[in-house]
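Can you build the whole structure from these sequences, using the hints too?
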Amino acid sequence: MASFVLQAVAAYGVVGVLIGAAFAFYGVSRVDHAATGGPFGFRLMIWPASAALWPYIAFRWLRAARGNA
Amino acid sequence: MSVGYVAVQWNRHKRVYDACVIGGILLYVGVFFSVGKALFAPPHAISDEILAIRALGTCAFLLLHVILCIGPLARLNRRFLPLLYNRRHLGVATFCVALAHAALIIGYYHGFGVVNPFVSLLTSNTNYSSLAAFPFELLGLIALAIMFLMAATSHDFWLKLFGAPAWKRLHMLVYVAYALLVAHVALGILQTQRAPWLAALVGAGVVVVASLHIAAGLRETRFDATASPLDGDDGDWVDVADVGELRENSGHVAVLGAGRRVALFRVNGRVYATTNTCAHQGGPLGEGRVIDGCVTCPWHGWQYRAHDGQSPPPFSEKIPTYRARIVGSRVQINAKALPPGTPVEPAVISEHADG
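Quick note, the sequences are listed as chains A and B, same order.
Going by this note's numbering, the first sequence runs without a break in its numbering and finishes at 122.
Going by this note's numbering, the second sequence runs without a break in its numbering and finishes at 954.
Quick caveat, the hints were computed from the structure, so don't treat them as lab data.
One or more hints might be untrue.
Said to hold, decoys possible - Over the 12 Å line for every Cβ pair with chain B, so calculated as not near, a few chain A residues: (1) 68; (2) 71; (3) 72; (4) 74; (5) 75; (6) 115; (7) 118; (8) 119.
What the hints assert, rightly or not - Some chain B residues close to chain A (C-beta under 10 Å, calculated; not the full set): (9) 603; (10) 606; (11) 607; (12) 715; (13) 717; (14) 718; (15) 719; (16) 721; (17) 722; (18) 744; (19) 747; (20) 748; (21) 751; (22) 752; (23) 753; (24) 759.
As the list claims (entries may be wrong) - So the derived label-pair ranges between C-beta atoms look like this: (25) B:707 - A:60: 22 to 30 Å; (26) B:732 - A:70: 34 to 42 Å; (27) B:698 - A:60: 20 to 28 Å.
Cβ coordinates follow ideal geometry from the N, Cα and C atoms, glycine included.
Here it is, written out as structure tokens:
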């Protein structure tokens, strides 16, 4: 049971790290125009929470891509 | 304020604040380690790893108390406002110390076996029905996860993305983390050490945090009860202050009723009124000052023009404004808030009204 829980958390984390990185370094300006041209340090700062909250981030990103930020 | 993001909006005050926080943490851990070494000399010596675990754990717990006390202290006494200014950095520092504590524990107690350390952490103790042998580590782990979420979302980008109310609700989870950590300590170190002074110290911390919150809450409730709507033909107007109470270029908080507050500002013999709630983190604008012609929040320095509630260019934040008038020497405010950013004519103070 503990192994299953940890594997699920790890899978969530791996997906989160990838989606979080894509959002922080590419997609963020689609959701918030003030982030356009944001420095590397800013993107690094928002990466951890983007990874942890990736389902919400993916939802916001998709909504912005459909023109409804 | 939202014109382009940077990693950290440094200024001199924040550098000094952060230097004090880091210096304080290093000093605490160093003193704890040295005193621990002296107290636990052979044959009762304890390992450096355990001393480090205890130093970091107590440091994080102490820092969390400080964080929780800053809010009510700033409500009760303005002299504590500078501590509030950079509280987010204090929160991130607390998470880092707690993370170091957790990493040492997992490495020291669960890292040397054949089982995955995290599996070992979750399975080595499953006495959930026993108070004395409860797996208190799990409580600390959940608290750490909450602290991570708060530290990771502390950047202004997240405040804007979530909106201030949702961001504030998320960060209220600090109280859940605190409750979990009190239980973590009570079911952990207090069970193994059985030292009355240690239990008394933890109890005193809880009492201080709770007392300060109750005192600040009572003060706010009493203040909100002072609203005095006018009887008569135009019931939207509320009598809020005497002109003599308003100081030039300073804010004044007044009550409109139903828990709503308005911030009054006297600038060049004119009275302006805006909402008392800053668009940033809900700071009390009426406790701030007018700096460079702008209403300035005492919490984080966000600014708005008094006459229209808009942040000066290039910023774009807006807050609601209110219509003001002066009758005799009394300032009256129309309780209907105008949409954020609406220009409004100030009430002009006559020499007679000023006394």
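>> Taking the Cβ atom of residue 732 of chain B and the Cβ atom of residue 70 of chain A, is their distance within the range 34 to 42 Å?
In response: Given about 36 Å between the Cβ atoms, the range holds.
>> Is the claim that residue 118 of chain A lies outside the interface with chain B correct, judged by CB distances over 12 Å?
In response: Consistent with the label, residue 118 of chain A stays out of reach of chain B, its closest Cβ about 16 Å off (over 12 Å).
>> Does the closest beta carbon of chain A sit nearer than 10 Å to the beta carbon of residue 721 of chain B?
In response: Cβ of residue 721 of chain B sits 4 Å from chain A, so the hint holds.
> For the hint on residue 748 of chain B, does the least C-beta distance to chain A fall short of 10 Å?
Replying inline: Where the cut-off is 10 Å and the nearest Cβ of chain A is about 6 Å from residue 748 of chain B, the hint holds.
>> A closest beta-carbon separation below 10 Å is what the hint needs, so does residue 606 of chain B meet it against chain A?
In response: Holds. Min distance 3 Å.
>> Take the shortest C-beta to C-beta distance between residue 607 of chain B and chain A; is it under 10 Å?
In response: 8 Å, holds
> Against chain A, with CB atoms and a cut of 10 Å, does the hint on residue 753 of chain B hold up?
Replying inline: Holds - the Cβ of residue 753 of chain B comes within 10 Å of chain A, reaching about 9 Å at its closest.
> Going by Cβ atoms only, is residue 752 of chain B closer than 10 Å to chain A?
Replying inline: Check passed: Cβ of residue 752 of chain B comes within 5 Å of chain A, closer than 10 Å.
> In terms of Cβ atoms, is chain B entirely out of 12 Å range of residue 115 of chain A?
Replying inline: 14 Å, holds
>> Given residue 744 of chain B as an interface hint, is its Cβ closer than 10 Å to any Cβ of chain A?
In response: 9 Å, holds
>> Can you tell me whether the CB distance of residue 698 of chain B to residue 60 of chain A sits inside 20 to 28 Å?
In response: Distance hint for residue 698 of chain B, residue 60 of chain A holds at roughly 22 Å.
> Regarding the assertion that residue 119 of chain A does not contact chain B, is the least Cβ-Cβ distance greater than 12 Å?
Replying inline: 17 Å, holds
Checked against the numbered hints given earlier, the structure satisfies every one of them.
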